[in-house]
Amino acid sequence: MIMKSSSSPLASLLPALAVLVVLALVPALGPSNRILSLAISAGINIVALYGLAVLFGQTGILSMGHAALVGVGAYTAAILARDLGIGFWVALPLGSLLAAAVAAIVGVPSLRVSGHHFVIMTFAFGQLLSIVLTNGGAFTGAATGLDLQLPVTWFGRPAGDLVPYYFIVIAFVAISAVASWLIINSSYGRTLRAIRENEKLAASLGINVGRHKIGAFVVSGLFAGVSGVLLAYFFRHISPNQFSAFPSIYLALMVMIGGARLLLGPIAGGILVSFLPEMLNLDPVESRILYGICLIAVILLLPNGLIAGLFDGLRALGRRLVGSAPRPNVPTDGTSETA
Amino acid sequence: MMSAILQIEGLRKQFGGVTALAGVDLAIQEGEILGVVGPNGSGKTTLFNVVTGVHKPSGGRVLWHGRDITGLAAHQISGVGIGHTFQQAMAFPGLPVIENVRIACEHARRSSRAYPWTTPEALLRFVGLSDLAGERAGVLPFGNLRLLGIALALATRPSLILLDEPAAGLNDKETLALVGLVKQLPEHGISVCVIDHDMKLMQMLCRRLVVLDFGSKIADGPIRDVLNDPKVLEVYLGGVL
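Respectively, the protein sequence lines represent chains W and H.
Taking the numbering used here, I'd label the letters of the first sequence as residues 1 to 339.
Taking the numbering used here, I'd label the letters of the second sequence as residues 1001 to 1241.
A hint or two may mislead.
As the list claims (entries may be wrong) - For lysine-lysine, the following DSS-like pairs were computed, each having C-alpha atoms within a straight-line distance of at most 30 Å: (1) K1231/H x K1200/H; (2) K1183/H x K1200/H; (3) K200/W x K1056/H; (4) K1231/H x K1183/H; (5) K1183/H x K1173/H; (6) K200/W x K1231/H.
If you are wondering where the hints come from, they were derived from the structure by calculation, not from laboratory data.
Just chain H, same shape as in the assembly:
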């Protein structure tokens, strides 16, 4: 049996009268690439925001290797080893690419674990942005910004990385490159959780898929089974596949 590194129990989030998360249970296993899908407003991004300390949860717990990290501030979440990327505003636009990554490296958590990318240069090489090191991040095309966002999250030396719609706005070639990159992460001891609408991306990346709808989990299992689940087909995929 694999061990869960992140265990989410009954996580709830209310925004006024709106229930964004209605008691979600979710476990992320060590070394896996987990996909989380759901229609707009199903609570995917809220789930990330609550786990990463952007929002405080209204109820429920988040356990990291068994330790309760519910409601820690965003900068503390990075310190325990959970990195994440943003859908929008992925970098520090006014600063050179290399300085973006240097800042992230300077705030990396101390970890005794061997890590393959300890310098800004190594990170830029890994995501393929070495040639753009001197450019201002704000002038990069969208695809490169996504890669830079991933480099920044990786600089913090996470053992789990949460990717929020990493392929949004990317063309097919860029998406393939991204998939190749993300698939390498578990080899380096980094578990991955991806949220996205894009089923093709999920099929390329994940073995296990979770489906959210109206803030609740309606399916969780091997991707083939989930995609054939009549409930999922009806609620979410009916119009897509």
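The shape of chain W in the complex, shown without the other chains:
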């Protein structure tokens, strides 16, 4: 019954937008700079997570080198600013396009192999990019990385401070959520889900599986590039280790913990993974252990992620309160993704 009532596609967008509106009010509460900084980096991650959700949640392909695509966006921003004096707003589309182009270059050979092999290929690509950046001499700033000095402006007014930049990031999270929602509810999104569910059957219905898998990886690269430009202009200094194996694993972890198929999933995963170690005051080693435990727990207990698990729990509770038996043959798997 609940599935029926939420079957309008819009019903899945509204909760995500409502959460974003609430998050947009956070600066009004006068948070500390530390909290605001964490929130900004969570938001930057969430932008990339929406792309990863298209890839993993919809198409069923996991990328373990996604931070490298974020890195492409970030280095594009830094190098454009340094060499050509090109600023934030122009760097955004360029970084995004370049990350998508790199995704295409990596994707064409990698997606000829399937499943686990692709995961390994993306991981190798991530390592490779970090080696290239480290050995790129003055052009990439080698191991120390690059500084970015151009200010971020909004109609001529400086917007690089924490609060205005927070609003810019929130706006891009909202754009990403809407873009992701449009993909999920389009014929294109259905095609990707068909590939996720049954590649052989999808091909027999006329779907060019290989091309669409590469396409999904390219789309996820667009999001990653935007995230990278936002990241470069936030940290003002980027270096290869920000885009190596661990950040990639964290991104995969965030999308799994939050849930890759639902619109609220990336927001939940991004916030949780960014804030939890800070809130619990863990050092980096402890937080990695915690991430590991979280990942195992989520895979075992909530295979569709936290948000789907939460919905299931609420539904089960609702049923118990109403006292009606569950409908036979309908498993509770977090609501369908278009709903």
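Fit chain H to the supplied structure of chain W, relying on the hints for placement.
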């Protein structure tokens, strides 16, 4: 004389040292329901897989209305107008039934031919699954999954449909319903080729029957003659009938 829509010539398929198809010739005529039987390992499913682009053939040709389509990729085969169903994994289990069919409809080939089922709803009505449109395909009982598989193949607007053991796992009532459905297809301009072990099903569906054994065709003709062919009786049906 009828015209062959699909002409298979000397089709061979080797898997390493194993010969799955040893040079099969086969013609499917427009408007017929052709049965292909054979014991396990006789090459039935391999024949389908090679024709539909799942496997590349080791030799031989596949002609579609005279055009060479040998070795086209699976998604291109659907585009020329050959649909097929699978023995296993017939649907997209995690998606609602209606979305399964909608996806198939969205990828239907463009064809100027009038077609009776152009919408997901019409297809579900035809196979009798309208009431289950909102359910996840993965929870459907086996018989309904088979019907959904057929609806998906029909959504691509084929003029030939290849059915791989469509009655496997169905009870008698479901089998009868399936036969009724398949028998209507030629009226709508869809030729049918069925592979199955089930002789009763073949007798209900087909006029012509082909028998494969060890990757070769050993009989091809009107079903009555084939069933009385001593070679067929010995090789395949001896223990069955």
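Hints and how they fare:
1. K1231/H x K1200/H: Satisfied, since the Cα-Cα distance of roughly 19 Å is no more than 30 Å.
2. K1183/H x K1200/H: Holds: K1183/H and K1200/H sit about 15 Å apart, inside 30 Å.
3. K200/W x K1056/H: holds (15 Å)
4. K1231/H x K1183/H: The given pair, whose Cα atoms are some 29 Å apart, holds under the 30 Å limit.
5. K1183/H x K1173/H: holds (16 Å)
6. K200/W x K1231/H: Since the Cα atoms of K200/W and K1231/H sit roughly 36 Å apart, the hinted pair is violated (cutoff 30 Å).
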